[in-house]
Amino acid sequence: MTITFADGRTAEMDFAHKLIERGGVFKPLEDVSFFARVHVDPEVGTLIWRNDVDLDPDVLHSEAAGIPLPLYEPT
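Heads up, the sequence shown is in my numbering, so the first residue is 1 and it goes up one at a time.
None of these hints come from the bench; they were simulated from the model.
Incorrect hints may appear among the rest.
[Claimed, not checked] The calculated DMTMM-like cross-link candidates involving lysine to aspartate or glutamate, where the alpha carbons are at most 25 Å apart (straight line), are: (1) Lys27 / Glu73; (2) Lys27 / Glu63; (3) Lys18 / Asp58; (4) Lys18 / Glu30; (5) Lys18 / Asp41; (6) Lys27 / Asp58; (7) Lys18 / Glu63; (8) Lys27 / Asp7; (9) Lys27 / Asp54; (10) Lys18 / Asp52; (11) Lys27 / Asp14; (12) Lys27 / Asp41; (13) Lys18 / Asp54; (14) Lys18 / Asp56; (15) Lys18 / Asp31; (16) Lys27 / Asp52.
Produce the entire structure from the sequences given, and follow the hints as far as they go.
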């Protein structure tokens, strides 16, 4: 899937390693026709499918840029 981010970065993302054989709510995403019905949530920018599975754009952007996200440490 080709994704264009708000900063103009474009990346070809392969989700197979993240989604295949995960089961549960991810199982429908193994079907190519279901996976293709993704849309962008206009409020928060996540990729979302009709079964409410979503992928965080910050995580996707960091992966596309090759920049790890900082670790979250609760205070």
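Report task. Would you check the hint for Lys27 and Asp54, treating anything up to 25 Å between C-alpha atoms as holding? Result -> 13 Å, holds
Query - Given hint Glu73 paired with Lys27 - CA-CA distance at most 25 Å - result: It is violated: about 31 Å lies between the C-alpha atoms, which goes past 25 Å.
Report task. Quickly compare the C-alpha distance for Lys27 and Asp7 to 25 Å and report which way the hint goes. Result -> Given pair Lys27, Asp7 is violated - Cα atoms ~31 Å apart, limit 25 Å.
Requested in this report: Could you grab the alpha-carbon distance between Lys18 and Asp58 and see if it respects the 25 Å cut-off?
Outcome: 16 Å, holds
Query - Lys18 paired with Glu63 [C-alpha distance capped at 25 Å] - result: OK: Lys18 and Glu63 at ~12 Å, within 25 Å.
Query - Restraint check for Lys18 with Asp52, where alpha carbons must lie at most 25 Å apart - result: 16 Å, holds
Report task. With a cut-off of 25 Å on the C-alpha distance, tell me whether Lys27 and Asp58 pass. Result -> Given that 25 Å is the threshold and the Cα spacing comes to 23 Å, the pair holds.
Query raised in the report: Does Lys18 pair with Asp54 here, judged by a C-alpha cut-off of 25 Å?
Result: 12 Å, holds
Query raised in the report: Given the hinted pair Lys18 and Glu30, is their alpha-carbon gap at most 25 Å?
Result: 11 Å, holds
Query raised in the report: Does the alpha-carbon distance linking Lys27 and Asp14 stay inside the 25 Å limit?
Result: 16 Å, holds
Requested in this report: Would you mind confirming whether the straight-line C-alpha gap from Lys27 to Asp41 stays at or under 25 Å?
Outcome: Within the cut-off at roughly 21 Å; holds.
Report task. Sort out whether Asp31 lies within 25 Å of Lys18, counting only the CA atoms. Result -> 14 Å, holds
Figure legend: structure checked against the earlier numbered hints; hints not met, in rising order: 1 and 8.
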